[in-house]
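Chains as they are written, first to last, in our numbering: chain A, 14 to 349; chain B, 72 to 329; chain C, 19 to 372.
Simulated from the structure, these hints should not be mistaken for laboratory data. Any given hint could be a false lead.
Here are the simulated DSSO-like pairs of lysine-lysine, each with C-alpha atoms no more than 30 Å apart in a straight line [claimed, not checked]:
hint: 1; chain 1: B; residue 1: K186; chain 2: C; residue 2: K96
hint: 2; chain 1: C; residue 1: K41; chain 2: B; residue 2: K136
hint: 3; chain 1: A; residue 1: K141; chain 2: C; residue 2: K96
hint: 4; chain 1: C; residue 1: K124; chain 2: A; residue 2: K141
Only some residues are given here: those of chain C computed to face chain A with a beta carbon under 8 Å [unchecked claim]:
hint: 5; residue: D97
hint: 6; residue: I202
hint: 7; residue: L214
Since the structure is predicted, the reported quantities are computational estimates derived from the model, not experimental observations. Quick reminder that beta carbons are idealized off the backbone N, C-alpha and C, glycines included.
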Amino acid sequence: MDITTDTQKPAPSSTPRPPAAGSKRAGRGVSRPGDRIFVGLSRGSGILVLVIMAAIAAFLTYRAVLAIGEDEANFFTSFEWNPTGSPPEFGIAVLAYGTVVSSIIAMAIAVPISVGIALFITHYAPRKLGGLIGYVIDLLAAVPSIVYGLWGALVLVPHLNGLYGWLDEYLGWTRIFEWNGGAGRSLLTVGILLAIMILPIITNVSREVFRQVPRMHEEAALALGATRWEVIRMSVLPFGRSGVISASMLGLGRALGETMAVAMVLSPTFDITPSLLDPGGGTFAQNIASKFNEATQMGRDALIASGLVLFVITLLVNGGARMIIARRKEYSGANA
Amino acid sequence: MAKRIDVSGLNAYYGSFLAIEDISMTVEPRSVTAFIGPSGCGKSTFLRTLNRMHEVTPGGRVDGKVMLDDENLYGAGIDPVAVRREVGMVFQRPNPFPTMSVYDNVAAGLRLNGKYKKSQLDDVVEKSLRGANLWNEVKDRLNKPGSGLSGGQQQRLCIARAIAVEPNVLLMDEPCSALDPISTLAIEDLIGELKERFTIVIVTHNMQQAARVSDRTAFFNLAAVGQPGKLIEIDETERIFSNPSVQATEDYISGRFG
Amino acid sequence: MSNATLTPAPKNRSSLRAATLPKWFPWAVAAGSVLLGLGISTAAGLNSSIQWALIAAVLFVAGSYGISARVEGGRQAKDRVATSMVWVAFLLALIPLLSLIWETVKQGVKVLDGYFLTHSMGVVGDSEPGGGIYHAILGTLEQVGLATLFSVPVGVLTAIYLVEYGRGRLAKAVTFFVDVMTGIPSIVAGLFVLSLWVLILDMGPSGVAGSFALCILMIPVVVRSTEEMLKLVPNELREASLALGVPKWRTILKVVLPTSIGGIVTGVMLAVARITGETAPVLLLVWGTDFINANPFQDPQESLPMYIYLQYGAGSDAAYDRAWAAALTLIAFIMILNLAARGIARWKAPKTGR
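Construct the entire structure; sequences and hints are all you get.
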């Protein structure tokens, strides 16, 4: 009984609208106690979700502000990470660089390949094979990142040596693809691994979108004398474009926040080098996981501050994806 | 420009199911041929065998001959993509490309076949839209999405898109079934004009429509559900509706079944 | 190619024939490129399988295009390139994903046995063989169990609120923030609980702290899937029940929920599968230990993903073997959950469909 009064109280004060809907219902059913309890419980749960989100933002900001207040270096541009020193100096430039670069590499590899696989499943493969592959991809999306990390560190890294030697030989002059022969625990490797990890999720969403392309749009193109590729270009891709974009952004959100796989594969340094192949660099999430153990109170607050930045970035990316999806719904609604 | 279609011994399957059996008929150039018959008798399936669209349905398979003048559409070495450019199609529900403007919809088929100058495209688009009796209604909004038009306008846009590539034959699969009476009338008038230039085949559920627009009418029927559809008879439209030679045709058009 | 004529028609419209390459053409090009790729790699002394696969893939795409452009013309060639690129994309992606499964199974079965499942690490040294994952399984079950216990009621009730009662601004806000919550990185969820639980309330590491972080990851998944399922329940059912004078809350409990229970259970199982593999929050809040700790409310605990991380960090061959075996166990557990969830979904689907 306590619960009902607890959960019902905040509702009317925080939101003027729902009671209107509730009172309409109450007008019919009068105020049955069972209904009141149930509405209260379910609305309370909804409010709890809001409270959790607000708390996350508030607590992270609170600790982050404490940390940044102590920070003697510029939080956004400094290459230092020494929050326990006196004075404490730390900045997120290296982490931001590593996170962005590895995610860009991951997207550059994963998006085209995912779209290819999604097209393969929906438009090229024999039906049964397509269904089977879709199923396997579904299951792969459920493989935890720690396993990808283990595989990446113990299997992928040694296999990349040949490729890296090759890149160094022909493209080493760009400095970007320079490689000095260390184990490939580098940002490029992280990018490749992240690509493999986000491939299933982007493929899954794109496949769903491509599957929803109305048959009549494809037939319209076919009847004009279009080849299979032209059908895809004229009707499948335009229809699926926003879906693919939002799928990619969901994948990007995952790549940005990926922790364990990066922490296991990367050999971090607090430095920005032009080479993507030489070991070094770091990402927000990886840095938190790697530095957490030896961190003191101040160190943890500094990590929380960097986590807050990551939180904001993923919020923006995911928010963007949602907005695209929402617009797409309106768009197709106007069409119907 | 318009070509004669000569079908002989044509069977179409969905997987192992025989949908239409042993159809032979001739479709005259520069005329409208209507296909009528009860639902499920295979008239739409047959229509789709005429531009090799049947085989894009999963499990779809055809045997027999479809001669377009002197070329067998199912002969060896025939490119189905080329066939579909020669034999245009308009579908039951208007299906303009939703992401393209009115202009781009009409130009879509041309753009597939090579590069054209803007002025050439402009000419063809205008000609096709005029040909589809749509020009006056859309000339001020050529760059608006095609999906913003009314249903009847969309269907005429689809017709403009189909005739823009100057096909030999125009297939129409119940083009008015999703439209209101006024739009239907506009399309029927248009069909009357288009037959000067194209060979037209139209599937319709509406017998008055067949009587109004077509020169010749083919009646399809099936013995029972699960049995293949067959061509019962094809003749001048007037004869089919006044004095058909088969009893089943008369039963159908006089509304005794179907 | 097509020079500018005013007639839009292609030039040789008399012919429907086009030079077409035979059906076996793609296979021949594929075989040729693989052989050539191998040949080039051997000749140039490249020893990485990644290199020759990439060479072969490039040869395949370029070969299809070149030959087809010459024989069939530009449009067909483009079509062929698209087809071959789609195939290459598929095969390229298949290799790492199959390798992942293959390696996990191959390396995992080495030390995975009854002993491994029923013993903890205890005092087994990093480089010594032996030890097991009993403590990790125990920790995972407790942490995930607690997280499920907290999340499912909140998630299901929130979904009920959104579908059955929610109108207006509050519902919109909840929907929005559930979406936002879906995208929170697990490490951020861990940091939040850390900042509240450890730094502000001054509590030590424990299983339940990890469960709280897992809740943040689990609740939005449960809300979303439950919402979808509740929306599938036809309104006629609700109205039929309300028309009999059954109060709304009893209608929801007795009609709506039972109708959609299969889908809800499926959603919960998929959510459980997702959080079972989470490592980051456990790392921050539960810390991990080599010993059995059956009490999730006090002191560090182990979990399966944490165990993999610690064994990987130990860096010896024996530890790697243990890490793979634990990974295999984890994957097997998650796959069984997934398959069972799908099984339930399929089994229950016709009933909710009607």
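Evaluation of the provided hints:
no.: 1; hint: B:K186 to C:K96; result: holds (15 Å)
no.: 2; hint: C:K41 to B:K136; result: holds (22 Å)
no.: 3; hint: A:K141 to C:K96; result: holds (26 Å)
no.: 4; hint: C:K124 to A:K141; result: holds (28 Å)
no.: 5; hint: D97; result: holds (4 Å)
no.: 6; hint: I202; result: holds (7 Å)
no.: 7; hint: L214; result: holds (5 Å)
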